[in-house]
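As they're listed, the protein sequences go chains P and W. So the first sequence is numbered by UniProt numbering: it starts at 1 and just counts up by one. So the second sequence is numbered by UniProt numbering: it starts at 1 and just counts up by one.
I should point out that these hints are in silico values taken from the structure, not numbers from a laboratory. Honestly, I wouldn't trust all of these hints.
Among the chain P residues that face chain W by a calculated CB cut under 7 Å, a handful are [to be verified]:
hint : residue
1    : Val59
2    : Leu91
3    : Ala92
4    : Gly96
5    : Arg103
6    : Pro104
7    : Asp107
8    : Tyr150
9    : Pro173
Note that beta-carbon positions come from the ideal geometry of N, C-alpha and C, so glycine has one too.
There are 2 protein chains.
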Amino acid sequence: MSSRDEVLRRVRDALGGARGTHPAVPRGYARRLPATEAADVPALFGERVAENRAAVRHVGADELATAVAAALWGREAKQIVVPADLPFGWLAELDGVRAMADRPVIDVDALAAADGVVTGCAVAIARTGTVVLDGGPTQGRRALTLLPAYHLCVVQAEQIVGTVPEALERLDPSRPLIWISGPSAAYGAGTVPMAGAQGTDGMEGVHGPRHLEVLVVED
Amino acid sequence: MSSRDEVLRRVRDALGGARGTHPAVPRGYARRLPATEAADVPALFGERVAENRAAVRHVGADELATAVAAALWGREAKQIVVPADLPFGWLAELDGVRAMADRPVIDVDALAAADGVVTGCAVAIARTGTVVLDGGPTQGRRALTLLPAYHLCVVQAEQIVGTVPEALERLDPSRPLIWISGPSAAYGAGTVPMAGAQGTDGMEGVHGPRHLEVLVVED
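Just chain P, with the same shape it has in the complex (with noise of 0.2 Å):
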């Protein structure tokens, strides 16, 4: 017997009769909402985006011209890029502010110099207050939502879903998935909130955009 076998069979009855079985693991995961949170799903998950240090405002169809371009004076901002598909009604009422379409494709200096961005979003999570982009309509790519410093994400109400497991379902996991939570992508990686922007465990604005506002749209 060389030394590989006797260390294999020592392996083998240290693991004895336990070998080949697994424990059971309990899959009972919670995949939708209890019943009292799902009542008002767009409302939780203003709850919870605003939890996650990022603001949030709940306005009607008919508001929402009027509220991008308040948000947008609030942060003094002059020139903002979109998707080139954004609708044309979310930005109809600005007024001293210049918008970007992405069509022809924006530079990268350029975009890094806009004041924000405006986009939609795939699906939202009440439960986590995750905005998830997949790349598509109002969406634009990547590199537009994450240069520039501030992001204004429109979410309409019936595209958010009580929970992770929900969202999954409605998207498609080949596609390019960007998911927010809270005002930057390092700062959402599983961090905890922090009371000052110096903290260790949570680092605002170095993997996104440093200020994320979302405007969740009910009719």
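For this one, chain P is given, so just place chain W on it according to the hints.
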């Protein structure tokens, strides 16, 4: 035998052997373009639109915003109306032209006073130079495209089919369809081109915009 029976008997006699049979109707309609015309469907569409006395331009996707602005400047348009979901990129180069989104809904007086409307379409037909709107994305409601005197319609190359049967295959007959062949709905409804605006057999600007301009977008 009553008078009624007598009349019916005479009808039956007159019909004789033909009753219950139907003459054969040839159904070999041309449902596709002949190969000679199918080679460049967007080019054929452009030719036929021009023959219908509407202006037409072929542009690349990156040139669309400039082409839209140039068309509006050419009309000296100051105030236009658009569906709220028109892609922002189409209007990104407007300068000195104010676009009003139809959300909140624009009232009839403002629609009629507008210098024009910009929309997309549902499908376009090369053989007849027809643009079809069905109220879907980028097209807006009927009043939006019927009241203003000038209609600038953006047609993507992939929206153009060869023939009317092909268009019908793509359309939902339960939607409100507007078929535009030539500069006006009345004009295009089976009339022939005329030399002046005072003709009796083709009236422009009665049931729709007096002026139709088409931008064909090819990548």
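Each hint, compared with the structure:
1. Val59: Violated - the Cβ of P:Val59 stays beyond 7 Å from chain W, reaching only about 12 Å at its closest.
2. Leu91: The hint holds - P:Leu91 has a Cβ within 7 Å of chain W, the shortest such distance being about 6 Å.
3. Ala92: Where the cut-off is 7 Å and the nearest Cβ of chain W is about 4 Å from P:Ala92, the hint holds.
4. Gly96: At 14 Å from the nearest chain W Cβ, P:Gly96 fails the 7 Å test, so the hint is violated.
5. Arg103: holds, 5 Å
6. Pro104: holds, 4 Å
7. Asp107: It is violated, given that the least Cβ distance between P:Asp107 and chain W is near 14 Å, above 7 Å.
8. Tyr150: The hint is violated - P:Tyr150 has no Cβ within 7 Å of chain W, the shortest such distance being about 18 Å.
9. Pro173: violated, 26 Å
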